[in-house]
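Peer 1: One letter stands for each residue in the lines below.
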Amino acid sequence: MCLAVPGQVTCVYSDGDVRMGRVSFGGVVRNVCLECVPEAGPGDYVLVHVGFALSRLDEAQAIRVFELLQDLEAEPAPGEVDR
Amino acid sequence: MKYLDEYRDPDGARRLLSLIEREVTRPWVVMEICGGQTHSIVRHGIDELLPGGIELVHGPGCPVCVTPLGTLDRAHAIAARTDVIFCSFGDMLRVPGSSTDLLALKAKGADVRVVYSPLDALAIAAQNPSRNVVFFAIGFETTAPANAMAARLARQRRIENFSLLVSHVLVPPALTAIVGADDNRVQGLLGPGHVCTITGLDEYRTVSERHGLPIVVSGFEPLDLLMGILHVVRALEHGTGGVDNQYGRSVRQQGNPAAQELVRSVFEVCDQAWRGLGVIAESGLALTDEYREQDATVRFGVEHIAPREPSECISGQILRGLKKPLDCPAFGARCTPERPLGATMVSSEGACAAYHAYGRRPGARHLPLLTNEGAPA
Amino acid sequence: MTARTGSVQVVGTLPGPTGALACPLPTDTYEAVVLGHGSGGRLSQELLAQVILPALGEDERFALEDQAVLSLPASGQLAVTTDSFVIRPLIFPGGDIGSLAVHGTVNDLAVGGARPLYMTASFILEEGLELNVLRRVTRSMRAACDRARIRIVTGDTKVVDRGKGDGIFVTTTGVGIVPEGVRLSATNARPGDCVVVSGTLGDHGIAILAAREGIGLETTLESDSAPLFELSATVLGASAEVRCMRDPTRGGLSSTLNEIAAASNVGIALDETTIPLRAEVRGVCELLGLDPLSVANEGKLVVIVGPDDAERVVTAMRRHPLGAKAAIIGEVVEDHPKIVTLRSSLGSERIVALLSGEQLPRIC
Numbered sequence: 000m001c002l003a004v005p006g007q008v009t010c011v012y013s014d015g016d017v018r019m020g021r022v023s024f025g026g027v028v029r030n031v032c033l034e035c036v037p038e039a040g041p042g043d044y045v046l047v048h049v050g051f052a053l054s055r056l057d058e059a060q061a062i063r064v065f066e067l068l069q070d071l072e073a074e075p076a077p078g079e080v081d082r
Numbered sequence: 000m001k002y003l004d005e006y007r008d009p010d011g012a013r014r015l016l017s018l019i020e021r022e023v024t025r026p027w028v029v030m031e032i033c034g035g036q037t038h039s040i041v042r043h044g045i046d047e048l049l050p051g052g053i054e055l056v057h058g059p060g061c062p063v064c065v066t067p068l069g070t071l072d073r074a075h076a077i078a079a080r081t082d083v084i085f086c087s088f089g090d091m092l093r094v095p096g097s098s099t100d101l102l103a104l105k106a107k108g109a110d111v112r113v114v115y116s117p118l119d120a121l122a123i124a125a126q127n128p129s130r131n132v133v134f135f136a137i138g139f140e141t142t143a144p145a146n147a148m149a150a151r152l153a154r155q156r157r158i159e160n161f162s163l164l165v166s167h168v169l170v171p172p173a174l175t176a177i178v179g180a181d182d183n184r185v186q187g188l189l190g191p192g193h194v195c196t197i198t199g200l201d202e203y204r205t206v207s208e209r210h211g212l213p214i215v216v217s218g219f220e221p222l223d224l225l226m227g228i229l230h231v232v233r234a235l236e237h238g239t240g241g242v243d244n245q246y247g248r249s250v251r252q253q254g255n256p257a258a259q260e261l262v263r264s265v266f267e268v269c270d271q272a273w274r275g276l277g278v279i280a281e282s283g284l285a286l287t288d289e290y291r292e293q294d295a296t297v298r299f300g301v302e303h304i305a306p307r308e309p310s311e312c313i314s315g316q317i318l319r320g321l322k323k324p325l326d327c328p329a330f331g332a333r334c335t336p337e338r339p340l341g342a343t344m345v346s347s348e349g350a351c352a353a354y355h356a357y358g359r360r361p362g363a364r365h366l367p368l369l370t371n372e373g374a375p376a
Numbered sequence: 000m001t002a003r004t005g006s007v008q009v010v011g012t013l014p015g016p017t018g019a020l021a022c023p024l025p026t027d028t029y030e031a032v033v034l035g036h037g038s039g040g041r042l043s044q045e046l047l048a049q050v051i052l053p054a055l056g057e058d059e060r061f062a063l064e065d066q067a068v069l070s071l072p073a074s075g076q077l078a079v080t081t082d083s084f085v086i087r088p089l090i091f092p093g094g095d096i097g098s099l100a101v102h103g104t105v106n107d108l109a110v111g112g113a114r115p116l117y118m119t120a121s122f123i124l125e126e127g128l129e130l131n132v133l134r135r136v137t138r139s140m141r142a143a144c145d146r147a148r149i150r151i152v153t154g155d156t157k158v159v160d161r162g163k164g165d166g167i168f169v170t171t172t173g174v175g176i177v178p179e180g181v182r183l184s185a186t187n188a189r190p191g192d193c194v195v196v197s198g199t200l201g202d203h204g205i206a207i208l209a210a211r212e213g214i215g216l217e218t219t220l221e222s223d224s225a226p227l228f229e230l231s232a233t234v235l236g237a238s239a240e241v242r243c244m245r246d247p248t249r250g251g252l253s254s255t256l257n258e259i260a261a262a263s264n265v266g267i268a269l270d271e272t273t274i275p276l277r278a279e280v281r282g283v284c285e286l287l288g289l290d291p292l293s294v295a296n297e298g299k300l301v302v303i304v305g306p307d308d309a310e311r312v313v314t315a316m317r318r319h320p321l322g323a324k325a326a327i328i329g330e331v332v333e334d335h336p337k338i339v340t341l342r343s344s345l346g347s348e349r350i351v352a353l354l355s356g357e358q359l360p361r362i363c
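Line order of the protein sequences matches chains A, B and C.
Going by numbering that gives the first Met the number 0, the first sequence opens with residue 0, and the numbers climb by one from there.
Going by numbering that gives the first Met the number 0, the second sequence opens with residue 0, and the numbers climb by one from there.
Going by numbering that gives the first Met the number 0, the third sequence opens with residue 0, and the numbers climb by one from there.
For the record, the hints were derived by calculation from the structure and aren't laboratory data.
Some clues are possibly wrong.
[Stated by the list, open to error] For the chain A half of the interface with chain C, some residues (derived, Cβ under 7 Å), not all of them: (1) Leu-2; (2) Phe-24; (3) Gly-25; (4) Gly-26; (5) Val-27; (6) Arg-29; (7) Val-49; (8) Leu-56.
Remember, predicted model here, so these are calculated numbers, not experimental data.
Backbone N, C-alpha and C fix where the C-beta goes; we use that ideal spot for every residue, glycine too.
Looking at chain A on its own, in the form it has when it is part of the complex:
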């Protein structure tokens, strides 16, 4: 379930009173409803499911996977777990 793909917002516009954006996926553009991600603007990446943006992708959190991987390899004992 829930096939959602990251795309980049190229511009924001209004369709009536609904906030919409043109989002690029590898160069292919699709109109996406941005009503539930008011913080996303041009240049941001959003996660899109059925033409609807679910979240704005957080760059700092995105590299966490790679930082964590390095931390875990460096420590033989079980590292941090929470959040």
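Assemble chains B and C onto chain A, guided by the hints.
Peer 2: Chains B and C alone, transformed into the frame defined by chain A:
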């Protein structure tokens, strides 16, 4: 593609596999809840790359497979009407009801159209004011906001020829039904990353505490899944519980409040039948009274038809993680994607269908698990 | 009374037996196909004379006969192919049903090692089809023929009631010559052979899908529909170890390779990291949950060639515009006969199974 390719990096995958191998001291049973996670695991062969002590079982996270037969029959009755344009996600086209499916109806002349988004169906309604346009609104919590938006806009813009046939399911009640059962084997869970993007983590804390299971919310790409599995295994090895968010780039503790508000304004919680699992209390969504006019069951007054599942089908046990597709004697023989017997073979997301598509066959020649370059250090 | 559309141009009337005026000749100018155009009478001849022959008929002789009598070279093996073309929409980014029909016919001949010579074109037209569309399609066929150096030498036209056809159906037969001694076949593949592809996969299917209502994707991507004879000739010129060539169409690369694996009773192992894909095709496949290996192509060559010649064949292909992205993407193996596998970048292997039907976008 950014935010996609880097999470498929083979080197990162190898390193995570090493860490997992280092961590495991005893066998563990871990369930991934979401069908999209199942699909990704089977496609990338992740379950075959994991050390033998970890058993991945596939959960009920497939809104397509769990759509009740009665709802499918209602959908088919509506789609067969000559005054209707029936719009649906592609996933539902070949799902068989008691006697037919949408693709067969299309072949007989029904106007059935595949859309990518409920908003596309709304656009079709606006362009065809003299026809009734019905959208088959299925999904988990992930899809509910988009479906809600379509309903709301139809009302606001007075697109009166548009209605929805709703079959929405909620994850936490199904999860509780599975891990709360007496014969439950699941010890740890990979939480559904896109569902949690909308709902947040609170309900999963409740499930985790009540049943003493660690839940690690994970994404869908190989590195996300492997990081999730690593954290579940560590939690199990050290006896720690609770909810751990390993998909922080999309999931926040509180989820997406704007999306939750949108869903609450259009839908209300109801009891829901799950194909293969039975009725689970308060596990579905229905349109509120305010949206009666957008409800296709009210508009078309379709009769409920009693469904009958073939007795050979074990999808109930597969959905609860008690059995694997290869345990079923009908798998690949009497039950195939072209002629499915039950829920988990019915959609391309179901565990049985995923196994079939990626070539897991009983008695098939055992493929090498790893090439030289892929072997963990 | 015949149905009339468009401007009416009465040419003349015949006096009846009593000298009074009789019904005027139906020599009106129509803007769309009517049933009369398929009835074999004057309207049929008009359609030929005004629309079809100006585009397709270069030789008066052929236009007037029921058959084309042709000369063939003194040596070589005769290759014959037949195909039907049905596509919606009729006109799409990168081509139309006409150019598709010519390229498809040429390619079926070319992959057998044949030099395409002649082809036929039969049309089933739906009543109501705009004549401008037919003009466009036939001119497009002519341009494609000139580019591919094949000649349409005979054809046929029928008309069906409105609602009984999809605008235009085209059926072709193509004829070509295969040099003596060339025997390409899907049964020839052997373990150790290399699998080469001429360029990026899935362009055609995705270009068509993106434009569909209800999908709404904007892209500059076009169908890759193209004639492959020059490329196939280049391949045969570069190596005497070519076992088989195919142009993967419906069902994508997966269908073609599964057919070859079954015919030769061998396994085929592909490497996901070497498969050329355009970023746009990848983007759409990710968004809609499609497997690019099962998406249609209309201008790509798959070559099974002996291992010693594989690099040379790729180099030769890359010198041709249609082969610029040619690459070795896998090999023929002894393991898992009749099965095609794909190794992912992670090193895991999965089976590339033949799809049961059409691939549909998914949300799950």
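Peer 1: The structure should be examined with respect to each hint, and the outcome stated for every one.
Peer 2: Hints and how they fare:
For Leu-2 (chain A), the suggested interface contact is upheld, since its CB lies about 5 Å from the closest CB of chain C, less than 7 Å. Evaluation of the Phe-24 (chain A) hint against chain C yields a held restraint, the C-beta minimum of about 4 Å falling below 7 Å. At about 3 Å, the closest approach between the beta carbon of Gly-25 (chain A) and any beta carbon in chain C falls short of 7 Å, and the interface hint on this residue holds. Checking Gly-26 (chain A) against chain C: minimum C-beta separation of about 5 Å stays under 7 Å; hint holds.
At a threshold of 7 Å, the smallest CB-CB gap from Val-27 (chain A) to chain C is about 4 Å, leaving the interface hint in force. Evaluation of the Arg-29 (chain A) hint against chain C yields a held restraint, the C-beta minimum of about 5 Å falling below 7 Å. Evaluation of the Val-49 (chain A) hint against chain C yields a held restraint, the C-beta minimum of about 6 Å falling below 7 Å. Checking Leu-56 (chain A) against chain C: minimum C-beta separation of about 15 Å lies over 7 Å; hint violated.
When each numbered hint is compared with the structure, a violation occurs for hint 8 only.
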